[in-house]
Amino acid sequence: QKEVEQNSGPLSVPEGAIASLNCTYSDRGSQSFFWYRQYSGKSPELIMSIYSNGDKEDGRFTAQLNKASQYVSLLIRDSQPSDSATYLCAVVNDYKLSFGAGTTVTVRA
Amino acid sequence: DGGITQSPKYLFRKEGQNVTLSCEQNLNHDAMYWYRQDPGQGLRLIYYSQIVNDFQKGDIAEGYSVSREKKESFPLTVTSAQKNPTAFYLCASSIVGQTGEKLFFGSGTQLSVL
Chain A
-1 QKEVEQNSGP
9 LSVPEGAIAS
19 LNCTYSDRGS
29 QSFFWYRQYS
39 GKSPELIMSI
49 YSNGDKEDGR
59 FTAQLNKASQ
69 YVSLLIRDSQ
79 PSDSATYLCA
89 VVNDYKLSFG
99 AGTTVTVRA
Chain B
3 DGGITQSPKY
13 LFRKEGQNVT
23 LSCEQNLNHD
33 AMYWYRQDPG
43 QGLRLIYYSQ
53 IVNDFQKGDI
63 AEGYSVSREK
73 KESFPLTVTS
83 AQKNPTAFYL
93 CASSIVGQTG
103 EKLFFGSGTQ
113 LSVL
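Chains A and B supply the protein sequences, listed in that same order. Just so you know, we're using the numbering used here here: the first sequence kicks off at -1 and counts up by one. Just so you know, we're using the numbering used here here: the second sequence kicks off at 3 and counts up by one.
Because the hints were derived from the structure by calculation, they are not lab data. Every residue gets a Cβ at the ideal spot worked out from N, C-alpha and C, and that includes glycine. All the pointers check out, no bait thrown in.
Each computed DSS-like pair below joins lysine-lysine, with the alpha-carbon atoms no more than 27 Å apart: (1) B/Lys16 / A/Lys40; (2) A/Lys54 / A/Lys94; (3) B/Lys104 / A/Lys54; (4) B/Lys72 / B/Lys11; (5) B/Lys85 / A/Lys0; (6) B/Lys104 / B/Lys11; (7) A/Lys40 / B/Lys73; (8) B/Lys85 / A/Lys94; (9) A/Lys94 / B/Lys72; (10) A/Lys94 / B/Lys59; (11) B/Lys59 / B/Lys104; (12) A/Lys65 / B/Lys104; (13) B/Lys85 / A/Lys40; (14) A/Lys40 / A/Lys0; (15) B/Lys16 / B/Lys59; (16) B/Lys11 / A/Lys94; (17) A/Lys0 / A/Lys65; (18) A/Lys0 / B/Lys104; (19) A/Lys94 / B/Lys73; (20) A/Lys54 / A/Lys0.
Covered stretches of chain B, going by a simulated chain A footprint (3 or more residues, C-beta under 8 Å): (21) 45 to 53; (22) 92 to 100.
Modelling step: build the complete structure from the supplied sequences, incorporating the hints.
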């Protein structure tokens, strides 16, 4: 079983809609969770971090964490064409980041 | 400006050749990392180092080697033993214990086989 798994994409959403991304992780002891955005050919950039159960909102982004279910999600509200990218879920294990395979999101104008 | 510099941006390897990817940071970070990314996949950890003159294997270290002689530098050598080296290589650094929220990435090196 992979340490971090993301729902398979690609995900296509119309402009203004909500994009929903899901991630599960295998290490029940993990405490730190992150979402990175990566444009094609570029390095990842951190967009959200979450450490406690519940929701965390930052602008149009909302991260949700459920440690009992070992589940992390990212919602992108009012999706814009500039949100078209690959979104990587990452979990800290033993001071190292483990990444999921990523979900590619395309926002249709 | 502080940051991480990777070079070259593009690199081509001939069969049987060793090639070295450069990674330099001026952020005064103790921890440095090398990741490999294949098309449509996430990042996989090759090697990491939390202090000068010490480094550990990540999940896919076979066919790669590193050194950490200076705090600022963490070069990665792709040896001839790595049979499928074509990938996007990312170097990153962080303060020890702050991996994730303070992880800084370089701009990457695309390695291809001739």
